[in-house]
Amino acid sequence: MTPGAGGDRAPRPGAVYVLPAALFFAFFAVLPLVLVALLSFTEWTGIGDPRFIGTDNWTRLAGDPLVLTSTRTTLLLMLFAWAAQTALALPLGVWAAGRQRNRAVLSAIFFLPLLLSSAAIALMWKSMLDPNFGVAAVVGPWIGVPDGNLIGTPRGALICIIITVTWQFVPFHTLLYQGAARNIPAVLYDAARMDGANRWQSFLRVTLPQLRNTIVTSSVLMLVGSLTYFETILLLTGGGPGDSTYVLPFLMYQAAFERSEMGYAAAIATGLVLLGTLLSLAIVRFSGFSRMRSTLEGM
Amino acid sequence: MTNPLMSRRSLLGLAGLGAGAAVLGTAGCGGSSGPQGDDSKALIDIWCLQDPVQNRVQQAAVDRFNAGDAADAKLSTFINDAYQQKLGVAMGSEQRPDVFFNWGGGSIREYVRGDLLVDLTPTLDADAAFKGRFLPAVLEAGKIGAQYYGVPLRGMQPIILYYNKEVLGRVGAQPPTTWAETLTLVDRLKAESITPFALAGTQPWTLLMWIEYLADRIGGPAVFQRIADGDKTGWSDPAMIKALNEITALVDRGGFGTNWASVNYEAGGAGTIFAQGKAAMHLMGSWEYTNQVDQQPEFAQNGLGWTTFPVYEGGAGDPKAIVGNPTNYFSITKSSANVADATAFLKQEMASDAYVDDWIKAGDVPPITGLESRLSASPSPEFSAFVYGMVRDAPSFQLSWDQAVDQKYRDPMLTNLQKLFLGELDANGFASAMAAL
Chain A
1 MTPGAGGDRA
11 PRPGAVYVLP
21 AALFFAFFAV
31 LPLVLVALLS
41 FTEWTGIGDP
51 RFIGTDNWTR
61 LAGDPLVLTS
71 TRTTLLLMLF
81 AWAAQTALAL
91 PLGVWAAGRQ
101 RNRAVLSAIF
111 FLPLLLSSAA
121 IALMWKSMLD
131 PNFGVAAVVG
141 PWIGVPDGNL
151 IGTPRGALIC
161 IIITVTWQFV
171 PFHTLLYQGA
181 ARNIPAVLYD
191 AARMDGANRW
201 QSFLRVTLPQ
211 LRNTIVTSSV
221 LMLVGSLTYF
231 ETILLLTGGG
241 PGDSTYVLPF
251 LMYQAAFERS
261 EMGYAAAIAT
271 GLVLLGTLLS
281 LAIVRFSGFS
291 RMRSTLEGM
Chain B
1001 MTNPLMSRRS
1011 LLGLAGLGAG
1021 AAVLGTAGCG
1031 GSSGPQGDDS
1041 KALIDIWCLQ
1051 DPVQNRVQQA
1061 AVDRFNAGDA
1071 ADAKLSTFIN
1081 DAYQQKLGVA
1091 MGSEQRPDVF
1101 FNWGGGSIRE
1111 YVRGDLLVDL
1121 TPTLDADAAF
1131 KGRFLPAVLE
1141 AGKIGAQYYG
1151 VPLRGMQPII
1161 LYYNKEVLGR
1171 VGAQPPTTWA
1181 ETLTLVDRLK
1191 AESITPFALA
1201 GTQPWTLLMW
1211 IEYLADRIGG
1221 PAVFQRIADG
1231 DKTGWSDPAM
1241 IKALNEITAL
1251 VDRGGFGTNW
1261 ASVNYEAGGA
1271 GTIFAQGKAA
1281 MHLMGSWEYT
1291 NQVDQQPEFA
1301 QNGLGWTTFP
1311 VYEGGAGDPK
1321 AIVGNPTNYF
1331 SITKSSANVA
1341 DATAFLKQEM
1351 ASDAYVDDWI
1361 KAGDVPPITG
1371 LESRLSASPS
1381 PEFSAFVYGM
1391 VRDAPSFQLS
1401 WDQAVDQKYR
1411 DPMLTNLQKL
1421 FLGELDANGF
1431 ASAMAAL
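Residue numbers (this note's numbering), protein chains in the order written: chain A, 1 to 299; chain B, 1001 to 1437.
The shape of chain A in the complex, shown without the other chains:
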């Protein structure tokens, strides 16, 4: 059967089917988004009525040095977290796609971090990073930090956050890759072997190309997801030391709930939404994901 041949004649759900979801989405996603965008043009402490102040919040946003620092940290974190997670999750996932029994057991153990809440993970890492009573006291000297001051320097804190989120999210992406790798028809590997490819070559020429869509999906999830890293940072470093681990969601939280500057927080939030949207669009566009070509082409 040619793909889609019978699909066109199959009874399709009418627009009315989408109505409940559309209404739900409009009410709980679009409306708040619009309201937040409107709020970003006001000054509001959360008490009394918002006062319209035009583009003041946006002007302030553009000139706020902390926004610049936070954006840079957000992007750095995004990039390094993506690189670290992909570098681990992809090979792990492909490895876990094998069928031996011990792999199933190990995969289940790898999966554990995903079951813990972000808050629990952050607090656990926080106590591990304590230079006197944590693992940092042991690990520090091995890596050239004899006093275990791992999370106490601007660069160290950022690396600690990357390690923490990597530890937390690698299992999920491993699962994605495992599923995708299992879907690769064995016949492709057979063919590669007949052509004389070794393991490395078949990984490079068969597995990787077949995982293309999964890589894109996983990357979008990681990159856009990293825009929302918040509780880890709040609990692990509180944005510190100094302002070295301030990220945009953290800045938004502080503006809204610690400084009661709801309007300014709304501007940061709107900025984040724009950034996230642009990012997803860019990835989808430049990765060829939008064309949705089958990775099984030619079969």
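Some hints here could point you the wrong way.
Lysine to aspartate or glutamate pairs mimicking EDC-like chemistry, simulated, CA-CA at most 16 Å apart [what the hints assert, rightly or not]:
(1) B:K1347 <-> B:D1127
(2) B:K1143 <-> B:E1110
(3) B:K1278 <-> B:E1166
(4) B:K1143 <-> B:D1406
(5) B:K1278 <-> A:D147
(6) B:K1408 <-> B:D1127
(7) B:K1143 <-> B:E1166
(8) B:K1242 <-> B:E1313
(9) B:K1190 <-> A:E258
(10) B:K1361 <-> B:E1372
(11) B:K1408 <-> A:D64
(12) B:K1408 <-> A:E258
(13) B:K1347 <-> B:D1072
(14) B:K1334 <-> B:D1127
(15) B:K1408 <-> A:E43
Some chain A residues well away from chain B (every beta-carbon gap over 12 Å; in silico) [claimed, not checked]:
(16) L76
(17) P146
(18) D190
(19) L227
(20) L251
(21) S280
(22) S287
Now the stretches of chain A that chain B is said to cover, found in silico as 3 or more residues with beta-carbon under 8 Å [what the hints assert, rightly or not]:
(23) 39–47
(24) 239–245
(25) 252–260
Hints in this document: simulated from the structure, not taken from any laboratory.
C-beta: ideal position from N, C-alpha, C; glycine also.
Here the structure of chain A is known, so what remains is to put chain B in place on it, guided by the hints.
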């Protein structure tokens, strides 16, 4: 120093998730003050922090009040970090509590500005006997401008210099009484590879106590009061600059060791380093004593010493002056339908013998005059007497800066202070960063 019981900082874990939930939750269950039970009585909704010890004392007060015929009071309790946000959101809505727990100063200034709170000055002035029961320095610290908006509701939490008797004994030293002695002691301890002062640098509020005391000793309470009143040029006051420079010098000298920026405050952090003798001293609130009793009982019993912050030679400040959390306060919201009953509750209970005795038994030292003889009922009479005497004799009791400044300056102040400790900012850089806000 948002938190009266700092060990509860570990509950911060819930805040990450709780922040959103608290906001959502408020919409549904903000004011639970519907008619309940006896319909003829008004219902007063009282908001407090969640804490087993505190709440027991507060519930007893509510029960005593409810035994009368005036009105019924009901206690609602909330976890610390979620509380401030929940309160903020509630204050912005129509679902306000009648009476609520707060820290005074910046924690309610926004509400006073929004004309949401009852001015308690007339009530206090009309009843000199009631007003006179509270220690003046503590009552004063609850003022916003010239008015009283809060009545003290629990014990006092001054910042105290704790020392490890065994460690100081080992190097043959006494706790420092002057700043010069402090610096000499730092060098001696360093030579013995002992961290002079435990410091939980991952939480910037722990850094605050140092600048609070130094600025007060060097320039007196007026230096910071100017800033709390909104004059940001106060950060460049010569006394403030001098205090900031002293901090930089102390950090560079190794006063806090090398890895303080990675040390936590929670269990297993600064308090444990100190108790185990890896650090000789710890500048912390009075709650540190309770924490040590709880977590290192043997050390608290035998090895824990306490004293006042050293005198700064040539400083303009009174060496008896203290900083910290004078106490926590109950305030009344203007929109309450039961202002008179709520006031009656505060007047009946907040200085009553039963209430005060309950606090003493719980280990707190309430800011009540003439308490000396009753403190023997405390589980730790010696420490309670020290705290009481310290506050009673203090010419001023400065509210922790993070509570005293407007909420919007709180985080930048803490961040910049952390940068100063890290050496990323010098005194003048700090002052200009604060003035630029």
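Now for the hints, and whether the structure bears them out:
1. B:K1347 <-> B:D1127: The hint holds at about 9 Å.
2. B:K1143 <-> B:E1110: 13 Å, holds
3. B:K1278 <-> B:E1166: This hinted pair holds, its Cα atoms lying about 11 Å apart.
4. B:K1143 <-> B:D1406: 14 Å, holds
5. B:K1278 <-> A:D147: 13 Å, holds
6. B:K1408 <-> B:D1127: Violated, because 36 Å separates the two Cα atoms, which is more than 16 Å.
7. B:K1143 <-> B:E1166: 42 Å, violated
8. B:K1242 <-> B:E1313: 12 Å, holds
9. B:K1190 <-> A:E258: Distance of about 38 Å is beyond 16 Å: violated.
10. B:K1361 <-> B:E1372: Given pair B:K1361, B:E1372 holds - Cα atoms ~14 Å apart, limit 16 Å.
11. B:K1408 <-> A:D64: Roughly 15 Å separates the two Cα atoms, so the pair holds.
12. B:K1408 <-> A:E258: Holds, at about 7 Å.
13. B:K1347 <-> B:D1072: 15 Å, holds
14. B:K1334 <-> B:D1127: Roughly 20 Å separates the two Cα atoms, so the pair is violated.
15. B:K1408 <-> A:E43: Within the cut-off at roughly 13 Å; holds.
16. L76: 18 Å, holds
17. P146: 9 Å, violated
18. D190: 49 Å, holds
19. L227: Nearest chain B Cβ is 16 Å from A:L227, so the label holds.
20. L251: 10 Å, violated
21. S280: Non-interface label stands for A:S280: nearest chain B Cβ at 23 Å, farther than 12 Å.
22. S287: 32 Å, holds
23. 39–47: holds (count 3)
24. 239–245: n = 5 at 8 Å, threshold three: holds.
25. 252–260: Answer holds; 6 residues pass the 8 Å Cβ test.
Checked against the numbered hints given earlier, the structure breaks hints 6, 7, 9, 14, 17 and 20 and satisfies all the rest.
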